[in-house]
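2 protein chains.
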Amino acid sequence: MQIGIIGTGLIGASIGLRLHSHGEKGISVIGYDVNRENLNLAQKINAIDSIAESIDVVVKNAKIIIISAPILDVKAIFESINESILQNNVEDLVVTDTSSSKSKIIEWANTILPKNVFFVGSHPMAGSTEVGPNYSDGSIFEGARWVITPTENSPQHAIETILSLIEAMGADPMFMDADEHDSYVAGISHMPLFAQIALFALARESNAWAELSMLASSGFKSASRLVATNPSLAFDINETNRMNIEHWIERYIEELQKIKLLLQDSEDKEEFFRFIGAMHLDYLKFLDGAVGREHWGEQLTNVPDYNAFDLLMGGMLTDKLNKLDFDTKK
Amino acid sequence: MQIGIIGTGLIGASIGLRLHSHGEKGISVIGYDVNRENLNLAQKINAIDSIAESIDVVVKNAKIIIISAPILDVKAIFESINESILQNNVEDLVVTDTSSSKSKIIEWANTILPKNVFFVGSHPMAGSTEVGPNYSDGSIFEGARWVITPTENSPQHAIETILSLIEAMGADPMFMDADEHDSYVAGISHMPLFAQIALFALARESNAWAELSMLASSGFKSASRLVATNPSLAFDINETNRMNIEHWIERYIEELQKIKLLLQDSEDKEEFFRFIGAMHLDYLKFLDGAVGREHWGEQLTNVPDYNAFDLLMGGMLTDKLNKLDFDTKK
Chain E
0 MQIGIIGTGL IGASIGLRLH SHGEKGISVI GYDVNRENLN LAQKINAIDS IAESIDVVVK
60 NAKIIIISAP ILDVKAIFES INESILQNNV EDLVVTDTSS SKSKIIEWAN TILPKNVFFV
120 GSHPMAGSTE VGPNYSDGSI FEGARWVITP TENSPQHAIE TILSLIEAMG ADPMFMDADE
180 HDSYVAGISH MPLFAQIALF ALARESNAWA ELSMLASSGF KSASRLVATN PSLAFDINET
240 NRMNIEHWIE RYIEELQKIK LLLQDSEDKE EFFRFIGAMH LDYLKFLDGA VGREHWGEQL
300 TNVPDYNAFD LLMGGMLTDK LNKLDFDTKK
Chain G
0 MQIGIIGTGL IGASIGLRLH SHGEKGISVI GYDVNRENLN LAQKINAIDS IAESIDVVVK
60 NAKIIIISAP ILDVKAIFES INESILQNNV EDLVVTDTSS SKSKIIEWAN TILPKNVFFV
120 GSHPMAGSTE VGPNYSDGSI FEGARWVITP TENSPQHAIE TILSLIEAMG ADPMFMDADE
180 HDSYVAGISH MPLFAQIALF ALARESNAWA ELSMLASSGF KSASRLVATN PSLAFDINET
240 NRMNIEHWIE RYIEELQKIK LLLQDSEDKE EFFRFIGAMH LDYLKFLDGA VGREHWGEQL
300 TNVPDYNAFD LLMGGMLTDK LNKLDFDTKK
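First to last, the sequence lines map onto chains E and G. 0 is the number of the first residue of the first sequence in numbering that gives the first Met the number 0; add one for each residue after it. 0 is the number of the first residue of the second sequence in numbering that gives the first Met the number 0; add one for each residue after it.
Misleading hints may appear alongside valid ones.
The list makes no distinction among identical chains, and a pair is therefore deemed to hold if it is satisfied within one copy or across any two copies.
[To be verified] Each computed SDA-like pair below joins lysine to any residue, with the alpha-carbon atoms no more than 25 Å apart: (1) K259 to R224; (2) K259 to F274; (3) K259 to E179; (4) K114 to S163; (5) K284 to E106; (6) K284 to M0; (7) K103 to G288; (8) K220 to L283; (9) K220 to L286; (10) K257 to A209; (11) K268 to S102; (12) K74 to S127; (13) K74 to G291; (14) K74 to N88; (15) K220 to G131; (16) K220 to D178; (17) K220 to A177; (18) K257 to S221; (19) K259 to P69; (20) K268 to I252; (21) K43 to H246.
These aren't lab readings, by the way, just hints derived from the structure by calculation. Treat the numbers as computed from the prediction; the structure is a model and nothing was measured.
Work out the full structure, taking the sequences as your base and the hints as a guide.
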């Protein structure tokens, strides 16, 4: 069976590498990319077995097509797939994509793709600020979530095909409504990208940039790491998920205003310390794998959940407040 | 000659390790820490040669003292040093610290330390979210900036002593006024810390946290990495640099509002793309080491500076706008 990959950049080539390293029998990968250099490189590193000269060739040969192209390019790719299917009487093709916005993709799929193409949207929660097959890596999906957003035209067998693909990638499938997906991803991925661009712009456009840039060390570099994201991707993300991003920026601004008040409030140092302490502990739990509904109390202030941690925090807090008392007496 | 280290946590122990690995002849390091476990461990890993049972013992034996303690503890350490000097008639002691806020430290030094102690504030721009001598590493200062903030009571010989120390650490010394330092560090280090706490809190306190935490991948983890900072340090930073942090949070909120407008503005996609493109290129230059006043034009829009990059951006932009035209025609 042939699997087609349209777009052999970092994600597309990584999928191809994983398909090969996984050693699935009887599978060969045919690739297409408008960027001929990427396409040749993908073949050279064995991410794809053969090169298609057009999307038409992919459609005629593959039973499953994975589109890993820039988001705004997916619409035109759907149109090419549609034309090719009409011309060649192809049936039972299963198509998925890996775009980080889903509602717009599904809208395009529903309006452009013919009914005998089964589309299942998907989004692997893995990636890099790097681009191109040079940075591809068959192991990047290992243990990662891979969201599946079925459409009106996703029959069970098509969903199962994509589930098998996700399992072959070593990823954890997670079903989600496309609108929900876009809202959540705006919160933890798209908005943080633009928030980091804002952080870097603030420093860069400051009159003190010469000094700031000399002082900026590993902390600032990690706090601005996403600014290395290809601006073309950032542009496409905003074009296809603007309302959600806007909403999360507003919420982020409110949260910053809340924190600013907490920082200022010299009357209630205890509340401030409890807040940063609680966030710190929750963050360590999160890094430790406590995600989803497991392990979390309903309330942030659900102190019994902290056990030993709470004692530690209590001790730290008392110590802090004593020092401050000492300080104000002087 | 003995060098004293008060506070043998990650930074103090790293300084000790570097002093030893650097193989300075005739130097031995005497350490003190209220945390006896850290102190023993620092000796075990050879960060210090001997253990002092009190600050008094350090003052009586060392010619140079480096204070690497929690910021709010430094005041009490200055008071202990003062008492010890008065009791023992110690002269010509040179003292420095490594705290990430400087104005408050210098205020304490000026009011508490006697005139025959020469204090030179300093701040190595290196560190980790980890704490304790377990994570110490003699190479963390290699190539890092190390800010020196002299005080009213920093004679030339004391400044030269601290310069030698910084050079022995492999770091680049950078003279700065304490107030300037605090404002700059608030912008690129302290405010980003609280902005990341706000980002994590926003997700954590959301009703969708169960889903958000499952979807959060490497991007979110790097965007919230500083939340792992010891809350005790975050508290001390705010206590000693609150006004500057508040100011930078306000500016950050303004920048986010500016970006939100740019994202929304469907009339001027070109301005948005040029903005994220320019920030991206500047960021890559920054990562590539273009810091300080070198390599930077006075204006962000100083296009000739971009050379080949500008052509690339021009091409990307035209391509993008064509796609959007195509898109709106449908």
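Results for each hint:
{"no.": "1", "hint": "K259 to R224", "result": "both (24 Å within a copy, 20 Å between copies)"}
{"no.": "2", "hint": "K259 to F274", "result": "within (12 Å within a copy, 28 Å between copies)"}
{"no.": "3", "hint": "K259 to E179", "result": "between (30 Å within a copy, 21 Å between copies)"}
{"no.": "4", "hint": "K114 to S163", "result": "within (22 Å within a copy, 75 Å between copies)"}
{"no.": "5", "hint": "K284 to E106", "result": "neither (38 Å within a copy, 39 Å between copies)"}
{"no.": "6", "hint": "K284 to M0", "result": "neither (43 Å within a copy, 46 Å between copies)"}
{"no.": "7", "hint": "K103 to G288", "result": "neither (31 Å within a copy, 39 Å between copies)"}
{"no.": "8", "hint": "K220 to L283", "result": "both (21 Å within a copy, 11 Å between copies)"}
{"no.": "9", "hint": "K220 to L286", "result": "both (20 Å within a copy, 8 Å between copies)"}
{"no.": "10", "hint": "K257 to A209", "result": "between (31 Å within a copy, 23 Å between copies)"}
{"no.": "11", "hint": "K268 to S102", "result": "between (44 Å within a copy, 21 Å between copies)"}
{"no.": "12", "hint": "K74 to S127", "result": "within (24 Å within a copy, 45 Å between copies)"}
{"no.": "13", "hint": "K74 to G291", "result": "neither (33 Å within a copy, 44 Å between copies)"}
{"no.": "14", "hint": "K74 to N88", "result": "within (21 Å within a copy, 81 Å between copies)"}
{"no.": "15", "hint": "K220 to G131", "result": "both (23 Å within a copy, 23 Å between copies)"}
{"no.": "16", "hint": "K220 to D178", "result": "between (32 Å within a copy, 23 Å between copies)"}
{"no.": "17", "hint": "K220 to A177", "result": "between (33 Å within a copy, 23 Å between copies)"}
{"no.": "18", "hint": "K257 to S221", "result": "both (24 Å within a copy, 23 Å between copies)"}
{"no.": "19", "hint": "K259 to P69", "result": "between (38 Å within a copy, 23 Å between copies)"}
{"no.": "20", "hint": "K268 to I252", "result": "both (22 Å within a copy, 23 Å between copies)"}
{"no.": "21", "hint": "K43 to H246", "result": "neither (44 Å within a copy, 53 Å between copies)"}
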